[in-house]
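Protein chains in written order, with my numbering: chain A, 1205 to 1505; chain B, 629 to 888.
Among the hints, a few may not be true.
Here are some chain A residues the structure puts well away from chain B; computed CB gaps all over 12 Å [as the list claims (entries may be wrong)]: (1) Asn1321; (2) Phe1355; (3) Ser1363; (4) Arg1401; (5) Val1475.
Distance ranges between label pairs, derived from CB positions [what the hints assert, rightly or not]: (6) B/Ala770 / A/Val1336: 50 to 56 Å; (7) A/Ser1322 / B/Asn797: 47 to 53 Å; (8) A/Ser1322 / B/Asp697: 23 to 29 Å.
Simulated from the structure, these hints should not be mistaken for lab results.
Glycine included, each C-beta is placed from N, C-alpha and C at the ideal position.
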Amino acid sequence: MADVTTTPAPPTPPSAASASKDAGSTSLTRRQAYERGRRRRSVVVATVSTVVVVGALVVLVPRAPRWDRVRQSFFDGDIFVDSFPRLLSAFWLDVQIFLWSTPLIFVLSLMVAIARNSRSPALFPVRAFAVVYTDVFRGIPVILTIFLIGFGVPGLFDSRAWSNPLIWGTVALVLSYSAYVSEVFRAGIESVHESQRAAARSLGMSANQTMAAVVLPQAMRRVVPPLMNSLVSLQKDVALISLIGPVEILRQAGIDKAKFANFTPYVAAAVIFLALTIPCTRLADWALARQRRRTGATTIA
Amino acid sequence: MSADPAPVDGNASRPKLLLRAVRKSFDATTVLDGIDLEVAEGDVITLIGASGSGKSTLLRCVNLLEPIDDGEIFLDGADIAEPGLDPDPIRRRIGMVFQSFNLFPHMSVTDNVAIGPRKVLGTSKADARRAGREMLTRLGLADRADAYPDQLSGGQQQRVAIARSLAMNPEVMLLDEITSALDPELVGEVLDVVRALKRDGMTMLIATHEMAFAREISDRVCFLHQGRILEEGAPAQIFETPTEPRTQAFLQRVIDAGRM
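Please build the complete structure, drawing on both the sequences and the hints.
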């Protein structure tokens, strides 16, 4: 922010004190030279330490006494190639569950967050319900929620049509994750300064209009990183649904493991997960950085 | 104190804004301790006094951003502080400008100005934006209409905030120390806007630390001290011959600080 309204701090850059022994008299070019030297040194340090660590792993792990047996049961190339296509098509189910859970989580958690943020006394029951909901579902392990709902709810009905584990597994995931994500939204909503509400209300906007037009748009931007974290972890937790029946990637890997009496399918499954989660994480970082550049004070249209 | 607000200074019309025995406390701290104030249509009243004397709280109460504990606030003769009243239709008649601008950072300057009419008056987006641009042009900001608040200087931001408020076509403007967060060289451009508003006949209630400006623009000046209006009068009287010792002491401190 090179803005005129910011604090009239002395023009010393914060790094100057640590940058040089003779900070008082350094010229700009000397400081630049010094900074460049520091950058070079840190690149060297990073390279050397990476080489050392990776080298140690590559050299030391194969020297472990039973490395050969581990390699055979976890890193068998033939089994990897054989099970990979099956795992990949089973993974499609994970992706589908993820894709229809995400919007549901988004809507439910936003409703819960807004309910918790409501101030009208008439909405006390809604507020109380939202508090109980988040407390309960954040307090139970996801896997337990999946068991309880996946096995419990179908028992309520006579018809087998209601016992689809995919549906109840998804419901359990959505309920669990919405409890977490609603807290993310709530933190975002509360991070918008009260003066923003005051400005909107002073124009005559209602509480709802203020929330929709002023508070939420700002809150949403701020919660993108934690939200992406939740989504990445949801991508992995979808696999938990396998424990109540559906043959998605984790269960398929288990089947292949039994068939080959070898753990390589699990490694293949891990590779498939990483192939999705790592790009998603990078995408989130990139989106955040771009947004920060856009709203910053540097670009002027 | 008769129930009928009798005209004191020959002004026969009903006051635009009338405060009677307004009280407000936060927990144990009394912030407004019985405020009586009359603002005629087109009047410019400034509130001066030390920080914590209640100036800002008074403005926030008039805009119903803070509920008052006791007393009455009349706008055109109707008590707007009546409990249970929907504050939204009242707030749209009263504009407020804040010390820290409070622009909406996620909207362009034009959208900041257009948002009130769009949401509250139901003006179409295109019309509201067109009117917003006209308003910005009036305040000398035509070339910044597409910028975002972060990209503007403090003085420009505050002028946008005034434009945003004016877009609602308010009957009264409340200005809460609108130059206090500005660098000295940017104060003038904002005060020019306020001068123009006065020329247009806008009724204004202004809390300020700019004594020279208060003296220049006010029809009446009120000195607040510990939640009360200790002294009220024409600017020349307040600044030249204050009768209250505490007014004298306050003005002396301002002079000693080189601010007047």
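Against the earlier hints, flag every one the structure doesn't satisfy and list their numbers going up.
Hints 4, 7 not satisfied by this model.
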